[in-house]
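A.B. asks: Quick note, the sequences are listed as chains A and B, same order. For the first sequence, numbering that gives the first Met the number 0 gives the first residue as 0, with consecutive numbering after it. For the second sequence, numbering that gives the first Met the number 0 gives the first residue as 0, with consecutive numbering after it.
Source of the hints: derived by calculation from the structure; they are not laboratory data. For glycine and all other residues, C-beta sits at the position ideal for the given N, C-alpha and C. Certain hints may be false.
Using C-beta positions, here's what the derived DEER-type ranges look like [claimed, not checked]:
(1) B:Gly298 - A:Asp216: 49 to 59 Å
(2) B:Trp173 - A:Val34: 25 to 35 Å
(3) B:Gly188 - A:Asp480: 47 to 57 Å
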Amino acid sequence: MKKNTTLWLVISMLIVSSMVLTACGGSGALAEDPVTLNWNWGTEPPTIDPSLATDTTSVDVVGNTFMGLTRFDPVTGEVIPYLATSWESGEDADGNQTWTFTMREDVSWVSYDAETGKVSKVEGHENVTAHDVVYGVKRTVNPDTASDYSYVLYIVKNAAAINGGEEGVSLDELGVAALDDYTVQFTLERKAGYFPAIAGMWIANAMPQWAIEANPDSWTEPENFVSNGPYVLESWVHGGELNLAKNPLFFDADAVQVERVYGVIIEEESTAFSLYENGELDSTGVPSAEIDRVKADPELSAEYTQIPVPCTYYYGFVNTKEPFDDVRVRIAFAQSIDRQGLIDNVVKGGQFPATSFAPPGIFGAPEPGKVGLSYDVDAANASLQEYLDEKGMTIEDFNAMDIVLMHNTSEGHANIAAAIQQMWADNLGAEVRVENQEWGVYLDTITKDTPIEEVPHIFRLGWCADYPDENNWIHEVFNSDEGANRVRTDNADFNALTVAAGEAQDPAEREALYEQAEKMFAEEIVGYAPIYHYTAMNVTQSWVTRNFPPLGANDFYNWTVDEAARGN
Amino acid sequence: MLRYIIRRVLQFIPVLIAVTLFTFVLMRAIPGGPFDHAGDKALPPQVVANIEAKYHLDWPMWKQFLSYLIGDDLLGEEGPSMGVIRGDLGPSLRYRGQTVNDIIETSLPVSAQLGFMSLLLALIIGVPTGTIAALKQNTWMDYTSTFAAVIFLSIPNLVLAPVLIWIFAIELGWFPVATWGAKPPFFLGIFPRFSQLNANYFSHAILPVFALGTSSAAGIARLTRASLLQVVNEDYIRTARSKGLREQTVIVVHALKNSLIPVVTILGPAFAALVTGTFVVELIFGINGLGKHFVTSIGNRDYPVITGVTLIYAVVLVIANLLVDVTYAWLDPRIRFD
């Protein structure tokens, strides 16, 4: 009997205390029935700190809670004013290029109070000023911040030296300064016509110094978070959900229709798609297994959109590894890939065949098909035969060299590799062995420092735009002095060309130089075989009007949700 | 008994240190580091150096391990680590701004709730089914339960879970498609708050609990059946019957209790595996549990998270096994711990 009494006592205590705890829970209410977008972030954002963000999910949150100096037009991808109203380039006393940005004066730092559900200005820091931008840029470059994307700002005077911890260069010597409260000036290492796009990136955002210094490790938690964009961080259950609420003090708040973004974090694409079919998500990606069904279904096909994504899938050749150290072999392999056939029969997402690197929409990208080696089996065979004849080899001798194509482990990459392996066998008689490795191991294997006998002859990779300029593509990836140079090329003329293209001031001249560089790399050097430009497959409910920004964050503040239509 | 328990608990210490050391060394032996790349992009060496310096990955391995184990202050270094011995599992390298403690605090309770309910379901279905199958050996009941058990054992969750979603969530609309019905803060850090224990909570739980519970139930049923069949042929059961005891008493009091020893043995590891989260079920039902961290943190090379979740798993496992051993003494009076 005694035992039972104790047990009941424990149980009733548990019940009472859980009630007490419940009473303490509860969060502040927004406006009654806010216009809500039901969104899936897809993955837990690794961070929402502008200095540290690198991935699309983090950038989506940062882009909706902070204002960059500039932003990309969600439709055209052009650089347009945002926190800055105008900008101009000039020159300092030493002949370095400067970019001067004039900022809006009506943007406030705000914080969200979960208890009251209210957004309020931060006392003592009402306005976002040029000093906040200077702090943000310095913070990203400061080696103590340990920012992954700090290198994107290396174009700014002394940034590389400071970030690299060079002796004798202090953070104050960084090429960024507030000329007055609302004018910020950048001084560059070398001329960069594309700089306004960089200045709009999250890593160069205005950041709240006092809030960061008060909670260096936890300032991005909802209770500490301070921001200045169209939305505030309402709540964040790590790994579960992250919700945004409209910032009524945003300078353009009247134009923001979606009042709340209810964002779950569902990693499995097919589960997200089931939620969409159940009406619980307003927009989501289509898993590749569902594409045929979506296209055939009258309702779903009306909600389906195929959007070009500024990313390129390519096979890199290791240009110093026999037999790929000979350009004729590289030409043969690049020219014998039937890209359209691959897209129609294997990847099936309406991707665009690629013969050059940067996709349309990127400044300086060549017109599709204008540059590069197209599918031409005869030319490919002739090229390979010339090589074999010169070396006195037969195709059997060639195959005895055991050519390896490597990709990171994934069903999709394996299917593509198998298809292209078959194309090379059918079109050239060349036998290629396909291998795969886990992502982290793979990236380690294909770096330029791996001993030549351990790297594969051919590797697969993709590249996506950070900002819409060829500099981010042909220069940052393939310039062997500056890029990762996994293809191991060494061509001084090409390197000089991409640098000259970046420095040129006349847009027409820059475009021409980039086209020349793309042509040289795809047709003369043949360092790689571009395969296709990506597309994203999306379904969006009929009650939602949205953009598909080619670059940067999803612009929830420009979208609309028709709540009346949702009910029907 | 108390002395036995204390001795066992003291034995945990070297086991857990060994687990930590193994995980720590094995993970760092895999090529590729956490900060070599951002997505497809290789980072410049000085950027990598900055980040590695921040997380002390530039220290020699022994020092990193000691820092992880006992903390930076005891090591005579400046740094944030308090050491595992003081409950600090370190920062996540992937989710910057979150610590491993944060991650476990948010996701372990969800996994534990799901796992506990699944184990309960497994027992409720498994033990009676196995008992009936054994008592009615070679009848239609035995065959039916064997058939069902084989089916549920052999259908992987990877298949069962999407099928359940398709039938019961999308076509019939009876249950939600995904997510869990409770979110932090949890009562006592583990249990759903009283206000959360409503229809919404259970309707979210039914499909994942069913998916996870049935495969365990099948295993338990098979084991109960085999073990009970062995026990009912023992001499002491014949003795019990010859004393004139009712058949019900013979089975429940004498046979079943003894036949549960193998079942209890597998319950320890099963408990540890279920409450620390399962990758597939949590992924497919979009449940924010610990299961995914066992898998994704390896791809991310998130060393502290891998070591931390492995350690949590190890702790739950050794405790569960201790409970199993203690239960033996109750089930079989011949077993004594002194």
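A.B. asks: For every hint, state whether the structure bears it out.
C.D. replies: Here is what the structure says about each hint:
1. B:Gly298 - A:Asp216: 49 to 59 Å: violated (24 Å)
2. B:Trp173 - A:Val34: 25 to 35 Å: holds (29 Å)
3. B:Gly188 - A:Asp480: 47 to 57 Å: holds (54 Å)
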